[in-house]
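Chemist: The whole structure should be built from the sequences, with the hints applied where relevant.
First to last, the protein sequences are chains A and B.
The number in the working numbering is simply the position in the first sequence, starting from 1, with 14 added.
The number in the working numbering is simply the position in the second sequence, starting from 1, with 140 added.
Simulated from the structure, these hints should not be mistaken for lab results.
Note that the Cβ used here is the ideal one computed from N, Cα and C, for glycine as well.
Keep in mind that the hints are not guaranteed to be accurate.
To be verified - Cβ pair distances, simulated, as ranges:
| no. | chain 1 | residue 1 | chain 2 | residue 2 | range |
| --- | --- | --- | --- | --- | --- |
| 1 | A | 67 | B | 214 | 33 to 39 Å |
| 2 | A | 30 | B | 158 | 36 to 42 Å |
| 3 | A | 98 | B | 142 | 18 to 24 Å |
Single-letter residue listing:
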Amino acid sequence: AQSVTQLDSQVPVFEEAPVELRCNYSSSVSVYLFWYVQYPNQGLQLLLKYLSGSTLVKGINGFEAEFNKSQTSFHLRKPSVHISDTAEYFCAVTRSNDYKLSFGAGTTVTVRA
Amino acid sequence: GAGVSQSPSNKVTEKGKDVELRCDPISGHTALYWYRQSLGQGLEFLIYFQGNSAPDKSGLPSDRFSAERTGGSVSTLTIQRTQQEDSAVYLCASSLSSGTGELFFGEGSRLTVL
Numbered sequence: 015a016q017s018v019t020q021l022d023s024q025v026p027v028f029e030e031a032p033v034e035l036r037c038n039y040s041s042s043v044s045v046y047l048f049w050y051v052q053y054p055n056q057g058l059q060l061l062l063k064y065l066s067g068s069t070l071v072k073g074i075n076g077f078e079a080e081f082n083k084s085q086t087s088f089h090l091r092k093p094s095v096h097i098s099d100t101a102e103y104f105c106a107v108t109r110s111n112d113y114k115l116s117f118g119a120g121t122t123v124t125v126r127a
Numbered sequence: 141g142a143g144v145s146q147s148p149s150n151k152v153t154e155k156g157k158d159v160e161l162r163c164d165p166i167s168g169h170t171a172l173y174w175y176r177q178s179l180g181q182g183l184e185f186l187i188y189f190q191g192n193s194a195p196d197k198s199g200l201p202s203d204r205f206s207a208e209r210t211g212g213s214v215s216t217l218t219i220q221r222t223q224q225e226d227s228a229v230y231l232c233a234s235s236l237s238s239g240t241g242e243l244f245f246g247e248g249s250r251l252t253v254l
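Modeler: So, in structure tokens, the structure goes:
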């Protein structure tokens, strides 16, 4: 079974500063990787995904993530955050062509002016 | 609306009562999922429906939990004899097909058991 570890539960950051959210997974088979974002009082929405191909994946709102197979990581980055990026971010993994996503515990990002 | 719709958005109940949570997926989505989100924890898979196939119930935490999906569309999650540890946000999601992780989530039903 897959498991996901998000290494930071809370990340405070100043507006216009860069942010990196760390995600490591464990799986012995080929996987698909995802980042979802949950804004306050809203449902989760997909930020970006890695299925195959280029290891650098670009998503919505200026976010990107890099798949590193040797490190079993899928860290999320944004070079300059906005107040509106304040949200909870979830990393998720599934075996290729499986339907059951395993989610990490989430990272709460708080952006301050 | 065009998104996944869940009701009620908030439910407060007394310990021992039964509750029903409803999910209306995006039209045309054949796959439907229920997850549970507890404070400080990630999302916990509960159950998965795909078309007319038998559902994957492997995530249901006890036999007090059950779910059905009628006509391949609306789903109801039922919790019988609720306990305080059932308090959580119950999230429903749907997708066009399974296997690519592109789930569309509703806003959730927050359940509080007193």
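Chemist: Evaluate each hint against the coordinates.
Modeler: Quick rundown of the hints versus the structure:
no.: 1; hint: A:67 with B:214: 33 to 39 Å; result: holds (37 Å)
no.: 2; hint: A:30 with B:158: 36 to 42 Å; result: violated (50 Å)
no.: 3; hint: A:98 with B:142: 18 to 24 Å; result: holds (23 Å)
Violated hint: 2 only; the structure is consistent with all others.
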